[in-house]
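Enquirer: Protein sequences, first through last, are from chains A and B. Every letter in the first sequence is one number past the one before it in the working numbering, and letter 34, counting from 1, is 34. Whatever position you read off the second sequence (first residue = 1), add 1000 for the working numbering.
Treat the hints as calculated values from the structure; they're not laboratory data. Bear in mind the structure is a predicted one, so any value in this text is a computation, not a measurement. Hints are not guaranteed to be accurate.
Calculated lysine to aspartate or glutamate pairs in the DMTMM-like style (CA-CA distance at most 20 Å, straight line) [what the hints assert, rightly or not]:
| id | chain 1 | residue 1 | chain 2 | residue 2 |
| --- | --- | --- | --- | --- |
| 1 | B | Lys1152 | A | Glu384 |
| 2 | B | Lys1108 | A | Glu574 |
| 3 | B | Lys1165 | A | Asp51 |
| 4 | A | Lys383 | A | Glu445 |
| 5 | A | Lys249 | B | Glu1026 |
| 6 | A | Lys313 | A | Asp267 |
| 7 | B | Lys1152 | A | Asp183 |
| 8 | B | Lys1152 | A | Asp544 |
| 9 | B | Lys1165 | A | Asp53 |
| 10 | B | Lys1152 | B | Asp1121 |
| 11 | A | Lys594 | A | Asp544 |
| 12 | A | Lys344 | A | Asp158 |
| 13 | B | Lys1059 | A | Glu292 |
| 14 | B | Lys1066 | A | Glu292 |
| 15 | A | Lys454 | A | Glu470 |
| 16 | A | Lys531 | A | Glu520 |
| 17 | B | Lys1066 | B | Asp1029 |
| 18 | A | Lys313 | A | Asp269 |
Read off the chains here:
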Amino acid sequence: MAYYRSTVLVSMDPVCIDKGALDVKEQLIKELAKHNLSEEVQVLDIPRVGDPDTDGPDILVYPEGSHYIQLTPATVGPIVMEHFIKGRELQQYKAQMRDVTDEELGEPKDKEIRIILENIGKIDPRNIEDYIAVDGYQALAKVLSEMSPEDVIQTILDSKLRGRGGAGFPTGLKWKFARQAPDTPKYMVCNADEGDPGAFMNRKVLEGDPHSVLEGMIIGAYAVGANQGYIYCRAEYPIAVSTLNIAIKQAREYGLLGKDILGSGFDFDIEVRMGAGAFVCGEETALLASIEGNRGEPRVRPPFPASKGLWGKPTNINNVETYANVPKIIFRGLEWYTSMGSEKSKGTKTFALAGDVANTGLIEVPLGMTLREIIYDIGGGIKEGKAFKAVQTGGPMGGCLPASNLDLPVDYETLGAAGSIMGSGGMIVMDEDTCMVDIARFFMEFTQDESCGKCVPCRVGTRRILEILERICAGKGVPEDIPLLRELCSEIIQDSLCGLGQGAPNPVISTMKHFLDEYEAHIYEKRCPAKVCRSLITFEILADKCTGCTVCARNCPVSAITGERKQTHVINTEICIRCGICKQVCNFDAVVIK
Amino acid sequence: MTLTPNQLDPLDNPRMRQVIDSTISEYGDQNGALMVVLNHLQERIGFITKPMQAYVAEKLNVPVSKVHGVVSFYSFFTTEPRGKHLVKFCIGTACYVGGASQLIDKAKQVLGIEPGQTTSDGLITLEVCRCVGACSQAPVVVIDEVNHGRVKPSQFARILTEVQKSEVVA
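Take the sequences, apply the hints, and build the full model.
Expert: Next comes the structure, spelled out in structure tokens:
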């Protein structure tokens, strides 16, 4: 088995190639051979390292992470000599270090339990030995040496692990169905198409601890009887894709992927496939269509992927976080795992806290913790001492929950009953300055744009809802709009094929349920209570507070503000587009919304 | 990208043609190759013109209609060259709540173009994009694949001017 001490990634961007990257690579290989380093240092192509225009041709050297830029064949020799032989970085060709502080993931807060996020920031995701050092691949070794596929499935069933992508289907059951499917070959797919706006838990796991996902997939493949796996990752996550590719390559070199894994006779390999910016591909049948190279349109289920999936063959699909749970359950045992969580939802769940909460970022908590504990104890409450208005869970297919729901425990059943969903884990906190009609409109704009267009209720229905919401936000709503919205929502839910259509009305339904007064204020009084909807507000400058500092006038994007220096400024409401920049930049609170 | 809008189709440019051919031969043999090939072409060339789509169809032995169907379905695939620098506004929920629309207003004022358009000198293209997953740094603007977090409208004009200026120096 080949073991390289270093990896050199050569940027193969067309601009870099144009500037001579191929010659640089050729020279690099020659120089390494000259010093007998070909067995120790591997040279790989990568689509892009730095900015090709300013840096190219450039290389990235791992494990050190040194980025050498503006290379020519002549400068390669000294770099090989200094870096690989003398072991020191050659400063003159090195790029300035970029800031890599991980502000998305601080120290664990008091009530957090980190299992999935445990290793992130502590191990080097691009070095498999770091993962092995923290008991990585121990679970796989145990599975392959001591457990039958049926044992593995039974363990996962007993752990009560449920799909972390949001639907919460028991993972063990899914594996059992795929195992029982008579057809072969079978496929193992990882859904890394984390498309919900406001959710980035999966990105962090893929970028920070990719081997935990690979290990979970290999164990699952053994249980199901699959020999080929695919990780479908969204194109918005280029760093995750490159980290995964490095992890897969290293796992192959260590005999953890490929033929005869750890001498057990079991074969399995994984390939990363990239999405191309279609939200609907997070739906499992659309995802499979996309891997097959087609438009990402969902199809009718049944047949479920467990019997007919990728290329018509039995396919098991789980989310990134679900797979990452598997090695932990096997290695640390059922007793430990099932001690966390609620009756029906065991283990932990990661959430991305965002919006108007004091501590934004990733958190991981046992299932069953209340929303209040998450938002106030861990999230630190609402920013700037403002009042809590709503929390949005589950992304565009989820709902907005009001303050009266804050003491609900976060698990699949409770959130579902309250009119939202668990979803993949986005949690957006909104303060008193958020207009709920505008939020419903925002989500509907998203879903109508992302609807794949296959079925009419979703394609046309979401568009009609959006038009009505736009009308209400513009102050042109009529009383009939409310019953019309209700009717449209229920029709779309009833008649849509996939989860996108069935969930699309949720933001509208939940905001109408909990914040109907805001809809009514927009329709009957032509007033936006949160002072957000641009057609229903005007900006004014208070003469007694304005110091004439000119900051607002200089920042106004449409030059609607006039006034002499040290004189009170005035906003021309005819020109004003009500963007609110003046209010934001004013240091004297002189700009008010009427 | 170095191509400007009035240049030849990449197929007629020997260097680009070589990139296209090597991409197809590298990735064309696997199951579901079409998406993989298109993804790499989009990344390496920057856009996928109609002649390129026909060429890919012929090489992979699939109908042109299928290639076009896939290209038009996914928002990452573009059929026209973008400007040299790509400025993308994340309009995920956190960025939307955090003031992304104010940044877009500011960009419109500074550059005089709408999202989806390119400045007349071919330097900057404005786009809005789906959540880039950097929600704790909202609002986020992605300039040439580098995330700029917590951008304020008042700083943004300067950031844009720097992008324009970097070009003059180079």
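Enquirer: Look at each hint and say if it fits the structure.
Expert: Each hint, compared with the structure:
For the hint pairing lysine 1152 of chain B with glutamate 384 of chain A, the CA-to-CA distance comes to about 17 Å; that is within 20 Å, so the pair holds. Restraint check for lysine 1108 of chain B and glutamate 574 of chain A: the C-alpha separation of about 19 Å stays at or below 20 Å, so the hint holds. As the CA atoms of lysine 1165 of chain B and aspartate 51 of chain A are separated by approximately 16 Å, the hinted pair is consistent with the 20 Å bound. The straight-line distance between the Cα atoms of lysine 383 of chain A and glutamate 445 of chain A is roughly 27 Å, outside the 20 Å bound, and the hint therefore fails.
A threshold of 20 Å between alpha carbons decides the hint, and for lysine 249 of chain A with glutamate 1026 of chain B the separation of about 18 Å falls inside it, so the pair holds. Between lysine 313 of chain A and aspartate 267 of chain A, the direct Cα distance comes to roughly 18 Å. Compliance with the 20 Å bound is thereby established for this hinted pair. Restraint check for lysine 1152 of chain B and aspartate 183 of chain A: the C-alpha separation of about 56 Å exceeds 20 Å, so the hint is violated. The straight-line distance between the Cα atoms of lysine 1152 of chain B and aspartate 544 of chain A is roughly 27 Å, outside the 20 Å bound, and the hint therefore fails.
As the CA atoms of lysine 1165 of chain B and aspartate 53 of chain A are separated by approximately 14 Å, the hinted pair is consistent with the 20 Å bound. Proposed proximity of lysine 1152 of chain B and aspartate 1121 of chain B is contradicted: the alpha carbons are some 26 Å apart, above 20 Å. Between lysine 594 of chain A and aspartate 544 of chain A the CA atoms are separated by roughly 16 Å; this keeps the pair inside 20 Å, and the hint holds. Straight-line distance between C-alpha atoms of lysine 344 of chain A and aspartate 158 of chain A comes to about 12 Å, which keeps the hinted pair within the 20 Å bound.
Note on lysine 1059 of chain B and glutamate 292 of chain A: the hinted pairing holds, with a Cα-Cα distance of about 17 Å set against a maximum of 20 Å. As the CA atoms of lysine 1066 of chain B and glutamate 292 of chain A are separated by approximately 12 Å, the hinted pair is consistent with the 20 Å bound. At most 20 Å may separate the alpha-carbon atoms for a hinted pair to count; lysine 454 of chain A and glutamate 470 of chain A exceed this at roughly 24 Å. Distance check on the hinted pair: lysine 531 of chain A and glutamate 520 of chain A sit about 14 Å apart at the alpha-carbon level, within 20 Å; holds.
For the proposed pair lysine 1066 of chain B and aspartate 1029 of chain B, the alpha carbon gap of about 17 Å is at most 20 Å, so the pair holds. Distance restraint check for lysine 313 of chain A and aspartate 269 of chain A: the Cα-Cα separation of roughly 17 Å lies within the 20 Å cut-off, and the hinted pair is therefore satisfied.
Hint violations for this structure: numbers 4, 7, 8, 10, 15, all remaining hints satisfied.
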